[in-house]
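Asker: Let's have the full structure, built from the sequences with the hints guiding it.
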Amino acid sequence: MADPNYPEDLKYNADHDWARIDPDNPAEATFGITWYAQDTLGEIVFFTPPPVGAKLAKDEHYTEVESVKAVSDVVAPLSGEVIEVNESLTNEPQKINEDPYGDGWLVRVRLTDPAEAQELMDAATYKATLP
Amino acid sequence: MSDQLTAPRSRWFIEAADDELTIFERSREGRRAFTAPRLDVPERPLDELIPAELRRPEVARLPEVSEPEIVRHYTRLSKRNFDLDTGFYPLGSCTMKHNPKLHERIAGLPGNADLHPLQAVEDAQGALELMWRLQHSLGEIAGLPHVSLQPSAGSHGELTGVLITRAYHEANGDRRTKVLTPDTAHGTNPATVTMAGYELVKIGTDAHGNVDIDDLRRHVDTDVACLMLTNPSTLGLFERHIEEIAKVVHDVGATLYYDGANLNAIMGICRPGDMGFDIVHFNLHKSFTQPHGGGGPGAGPIAVAEHMEPFLPRPQVVRREDGSFDLDHDRPRSIGRMRGFQGNYGVFVRSYAYIRSLGAAGLREASEVAVLNANYLLARLRREGVLEYLPAAYDRICMHEFVLSGAVMKRELGIRTLDLAKRLLDHGVHPPTVYFPLIVDEALMVEPTETETRETLDHFAAVVAEILREAATDPEIARTAPHTAPVRRLDEAGAARHPVVRQPL
Amino acid sequence: MSRYTAVTDADLGEMLATIGVGSVDELFADVPAGLRVEGTLALDDGLSEQEVYGELAALAQRNLSTDEQITFLGAGMYDSYVPALVDSITARAEFLTPYTPYQPEVSQGGLQAMFEYQTAICELTGLPVANASVYEGPSAVAAAGYLAKLHNGRSRFLVSAGVHPHAVQSLATLAHGWGMTVEVVDLRDGVTSVEALRQAGLDEDVSAVIVGQPNFLGAVERLAPIVDVAHRSGALVVCAADPVSLGLLQAPGAQGVDVVVGEGQTLGNHLNFGGPSFGFFAVTEELIRRLPGRLVGQTRDAEGKRGYVLTLQTREQHIRREKATSNICTAQALNALAGVIYLSWLGRQGLVELAELLAQRTAYARERLVAIPGVTPVHQQPVVREFAIRIDGDMDAVLARCRAAGINPGYRYAEDCLLVAITEKRTRAQIDLLADTIAEALA
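If you read the sequences in order, they're chains A, B and C. Quick note on numbering: the first sequence equals residues 1 to 131 in this note's numbering. Quick note on numbering: the second sequence equals residues 132 to 636 in this note's numbering. Quick note on numbering: the third sequence equals residues 637 to 1079 in this note's numbering.
It is worth saying that the hints were derived from the structure and are not from the lab. Fair warning: there could be bad hints in the mix.
[To be verified] With a straight-line Cα cutoff of 20 Å, these simulated PhoX-like cross-link-like pairs (lysine-lysine) come out:
(1) B/Lys309 / C/Lys941
(2) C/Lys959 / A/Lys69
(3) A/Lys69 / A/Lys95
(4) B/Lys333 / B/Lys378
(5) B/Lys541 / A/Lys69
(6) B/Lys210 / C/Lys941
(7) B/Lys309 / B/Lys333
(8) C/Lys959 / B/Lys333
(9) B/Lys378 / B/Lys309
Model, not experiment: these values are computed from the prediction.
Answerer: Given below as C-alpha cells:
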C-alpha cells in the first residue's frame, strides 16, 4: 500500500496500533499496526505471534515486529485473550506492509472489557497526531 | 538515465564475474592443497586409539581445492572489498585512520607472533614489558592510573568496566540496580547494561546536543550504579557540562564511565580522568591504529581510578621490585577473568608501536588535526551548499566528527541518506556512518580522521555537492545506486525473511 | 608534522580561514580551561620508524618463541603450523583494513568469506547455524551462557571440570552479574559423568550443562548420554570443542548438543601470546534468533545476482540495544578469515589426515612418557592431541632440565601434573627427546 490510509471503521491508539471491533460480535476484535507504523518500520521481515490463549492488557506490548533495521513493540489497543493469530505472517511478514488492515492483521482477540474501546481514537483524531 | 551519468568515477574493482563461486563450489573430489607431515611413529589401528563410536561416521565436507585455487579465490574476493588503503573511509565513530605498515612487520616477528600465551614469564619478558609500558601509556593518556589490557574489544571493555562498577558497589555493601546512558549512546552501551545485570535508564539530550542536565538530575539517585558517557558525544560535540555531570553522578555515589570510541578527538588535550571519569575503555582499533580487519580483531583495554583498582580482571601485568615483569593472578577482589590468557597481544604490539612513533606531541597533534580536518570538511560542505540540504544536526564547532541530517534532502530532492551513501560508492568514497545517532533524522555521521589530506576532504565535499546537483535533475540515479560496485543493492529483507546462512552442500 | 598527517603551514592557514577561526585552539573552546592538559603528556618523545622497529624488535628478542624452543604447551592454544598462504592472503589490505561490512555492495569479498567460514564451522560442529566469529574460546563459553540465560531464564550453570578453567572463570565473572551460579562438576576418570551431573542437581533450575570436547585434560567425552540427561531437565547443552579434533570425533551437533563454541587459534592463526585469534559459535536452528554477533546471509541484488549481507541484525546491539542477544560489536573477522582459508587448505581429506596424525603421535608420546618410572597417566581415556600426566618426583627439576634442553614439556596445570600437547610440528625425535629428558630428570 503506497499511500497513507486510515480506515474510518477502525479504532486507533497512540502507539500506531488499530482495532477492528467485530460488527457482528462487539466482544471480539482484530488487531494490527497502522499504515504509518509499517511505513516507518520499512520492509517487515519477522513477526512473532503470541500464543493463542495469551492474555493481552490494554496499552501493554504483547509482541514485536521486526524490519531489517528496526524492532518495534506491538501494543494491545484493548484488553483480551488471543483466540486466533495470523499464521501466514510467519512465512510472509511482508503482508503487514502490503495490506496492514487486511491480510496483514496480527491477532483476533476476545475482549475482556469492550467498553475500553471508547478510550481509543477515531481515524480523524489519529491522523491528526501523525507528523 | 544515460550511461554517462552513471559511469564510474573511479573503478577500483576488478571486472567481477556475475556470480563469484564460493570455495565450496570450486571443490572437486580428490584435489588438495595440504600434504601431511610424514607419520614417523609406529602406526596403530585407529580403533585402538579412539573407539569407532566416538569418531564421526562421515568426514566434514570441507572444500577440495589446490593451493593455487585457494590463493586465486581469496585474492579475487579481496578485490570485491573497499578498503582503507584504497580510499577515503569517513565512517563516523569508527576512526578509520591510516594503519602504519611498520606495525604489521613488528607484530609478525617470531618473538611476538609465535609466542605461546602460557610461556614461562621469564621467557616472555619482552612481551610483558611491552604490555606494562602500554598500560602505563594508556593510563597517562586517560589520566587514570591503573590499566587492564584484557578486554577483547570496546564492548568487552564496557562490560568489564560495568562489572567493576558492580564489584565496587558490592564491596561497599551497596546494591544498586540502574545504569544511565544518554539517548545518543552507541547500542553497545545499553546492551552492556543489561548484560551486566542492570536496568537501563535513558537520559535525554538538550537543544545544544549536550546531556540534558535537568533530565539527568531527575533520574539520579542512590539506586544508580553508573552513568556511561561518550565525550565527545556521538554527535561529535564536546560535553560542555562534563564537570557538573561528574558532580551530579558522584554526589549519589555512582561511577562515571567513559566510552572511548571518540578518544581520537582529545588525546593529549584533555583527559577523561581529569574530567571526573572513574573508568575508561579504549578502542585500540580506532584511536590506536589496529587495522579493523573487516570486523576485528580489536582490543578494549580499560583504565580505572585508584578506588576501582582492586577489581580489575585477573591476571594483571606488574613490574616486580627487581625490575622483572610478571603476571599477577593473586588479586582476591578482582571481578575475575573476562577471557582466556592475557588479551589480544598482537593488537597491543601495534598500538604500542603507534604510541612510540608519535610520542606525547604526536598524539596531541593527531587529535588536533582530527578536529581541524572535521571542522574544515564541515566548512567546505557548507561552502559547497551541501548544508542547505544536509544541515548540521547541531550547528557548533565540532570535534573529530559531525552529524548532518538528510531530512531536508529527502523532502526537497527525494533522495534519502541511504541513497546518498550508495551513490558515494560510485565515486570511490566509502560513505559516512548512516542512521546513527538515532535521535537525528536521516543521520549522516562524518569522521575524516587526521591522516587524510586536505585534497581528499575537498574532493569529498565536491562529490557530495555533485550528487545533490545530480539528484535535483534525476533522483533515480542515487535511488538505484551503486551502479559500479560488484553488486547492486541487495535484498536485505529477503535475506532476513528466509535466512540462508550456510552453503547447502 | 608527524609522518601520518599532512597539514602543511599553508594548509593550516587556509583551513582555519575556511572554518572561520584564528587558531586550532579555538576549535577546542568547548573544553573547559581547567580540564586542559598543561604542556604535554608524560610520554616519551616520538621516534622514527627505524627507531621504533629497533626498540620493539629488541623487546621481541626477549621472548622465547616456538621457533627457539620445542614446545609441548597447549591448554587451549597450540603451536600449529600456519601455512604461508594464510599469512599472505590475510595481509592483503582489502581484508586487513576495511571496517565491519556496513555497506555490503563494496564488502562482498569479506561477506562471502564469512559465509564460507560459517559453512565450514557448521560442517565441523554438526550444527546448521554459525555466526561470523566471537572474540576467542573462553569468552565464547561465557557468551553461550548468556544465550542460555536469555533462552530459558534459569538460575544455574553446571559446568564440567573438563571445561578450560579460563572459560569457567570467564563465565563466572559474567554470571555473577546475572545473579546466576556456576557449579563445577568433578570429572570421573578424566571425563564428565552423567552420575556426577545428577548428583550435582541437574534439575529444572539448570540453564545449561557445559562440557569440553576433548576436555581440558585431553580426554574425549561421550556427549550423547550427557545431552540426554540434560535435555530431560530442559537444560541446554553447550560444548566447547577443539576444531581440529572434530575432524576425527563425532560432531557435537549430531549428538544433540545445542551450542558448540570453541577456540579457533589452531586453525591458521598464530599464537600471538594469546590473541588475537577467534572464537567460533554455532547453534541449532531453534536458537538462531538468540545468536550473538554478526551473521552473514545469502541474498540477491537488484539484478538478481547472488550476494551477501549481514542478516538478522535485529538481534544485535545497534538495533535491539538493551534487549540485544549480546553487546558484541567488533569481533575477529580477520582471524576467522584465516580460519576458513586454513580449513580450505586442509580440505576434506587433509583435516582427517591431520587429526589422525595428531592422534598417532599423541598416542606414541603418551606411551613413551607413562613408561617412565615416576610418570603416571592422569586418566586412561582416549585422547586426540593432548594428555595429562602426573609426575611423582621433583617437578621443578623436570622443568629445569627440560628448559636446559630447549624443551617446554607442557602446561603445569597442577602442582604435580603436566598437560602435554602434540601438534603436527612435534616430530618423533622431539617426543623422544622429551621422554629422555624427563626420564633423566626423574632418574
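Asker: Indicate, hint by hint, whether the structure satisfies it.
Answerer: Structure-based check of each hint:
This hinted pair does not check out: B/Lys309 and C/Lys941 have alpha carbons roughly 48 Å apart, beyond 20 Å. Our distance criterion of 20 Å between C-alpha atoms is met by C/Lys959 and A/Lys69, whose separation comes to about 14 Å. Between A/Lys69 and A/Lys95 the alpha-carbon distance is near 18 Å, which keeps this suggested pair within the 20 Å criterion. Using a Cα cut-off of 20 Å, the hinted pair B/Lys333 and B/Lys378 holds, with the two alpha carbons roughly 19 Å apart.
Straight-line distance between C-alpha atoms of B/Lys541 and A/Lys69 comes to about 19 Å, which keeps the hinted pair within the 20 Å bound. Restraint check: the Cα-Cα separation between B/Lys210 and C/Lys941 comes to about 17 Å, which is no more than 20 Å; the hinted pair holds. Taken as a hint, the B/Lys309 and B/Lys333 pair is honoured in the structure, with Cα atoms around 10 Å apart against an allowance of 20 Å. About 14 Å separates the Cα atoms of C/Lys959 and B/Lys333, which keeps this hinted pair within 20 Å; it holds.
Proximity of B/Lys378 to B/Lys309 is assessed by CA-CA distance (about 18 Å); at most 20 Å being required, the pair is judged to hold.
Hint 1 from the earlier list is the only one contradicted by this structure; the remaining hints agree with it.
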